[in-house]
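Asker: Input sequences plus hints: build the corresponding full structure.
Number of protein chains: 2
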Amino acid sequence: MKARVFVTLKSGVLDPQGKAIHHALEGLGFAGVNDVRAGKLIELDLAEGTPQAVIEDMCRKLLANTVIENFRIEQVG
Amino acid sequence: MKARVFVTLKSGVLDPQGKAIHHALEGLGFAGVNDVRAGKLIELDLAEGTPQAVIEDMCRKLLANTVIENFRIEQVG
Chain F
334 MKARVFVTLK SGVLDPQGKA IHHALEGLGF AGVNDVRAGK LIELDLAEGT
384 PQAVIEDMCR KLLANTVIEN FRIEQVG
Chain W
334 MKARVFVTLK SGVLDPQGKA IHHALEGLGF AGVNDVRAGK LIELDLAEGT
384 PQAVIEDMCR KLLANTVIEN FRIEQVG
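As they're listed, the protein sequences go chains F and W.
The first sequence begins at 334 in our numbering and counts up one residue at a time.
The second sequence begins at 334 in our numbering and counts up one residue at a time.
Since the hints were derived computationally from the structure, they do not count as laboratory data.
These numbers come from a predicted model, not from an experiment.
Hints may be right or wrong, so weigh each one.
In this list, chains with the same sequence are indistinguishable; a pair is considered to hold if it fits within one copy or across any two.
[Said to hold, decoys possible] When the alpha-carbon atoms are kept at most 27 Å apart in a straight line, the in silico BS3-like pairs for lysine-lysine are as follows:
# : residue 1 : residue 2
1 : K373      : K394
2 : K335      : K394
3 : K335      : K352
Answerer: What follows is the structure in structure tokens.
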């Protein structure tokens, strides 16, 4: 089974990478960009039947820094 | 309007970051992880009515390196 983990910065946490992307988009002439936030996407190929709780455990222990980041898990198939 | 851009490495492209995550998960005792691929998630807050074509243009020109990466756009609201 496959699972996707989306890791995003909590609101209020400064995001210099997002700011840099925002600035670069404006430099390329893209108007109408209000804000950009950068996050991570981690695609896991797991043994069949891995419980959601185990994936959440992976997120808490390694994939996300829960002090400053939120995570969302999406199971695929 | 908001849009999410998912940038993933094309299959066949080596992914050292994913490999490192895989190794670290095993080190933490998580069994049954077959593969890990790391990608990027970019959340855009755009002016209302920004066409899909413009977002694709942003991806091709800046957000993704289309030689080695695929991108997928998801419009939210």
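Asker: Taking the hints in turn, state whether each one holds.
Answerer: Taking the hints in turn, this is what the structure says about them:
In this assembly of identical chains, the alpha carbons of K373 and K394 lie at most 27 Å apart whether taken from the same copy (16 Å) or from different copies (20 Å). Only within a single protomer do K335 and K394 lie at most 27 Å apart by alpha-carbon distance; the minimum there is 19 Å, versus 30 Å between protomers. In the homo-oligomer, the alpha carbons of K335 and K352 lie at most 27 Å apart only across protomers (16 Å), although the nearest pairing inside one protomer, at 31 Å, exceeds that limit.
Violated hints are absent here; each numbered hint is respected by the structure.
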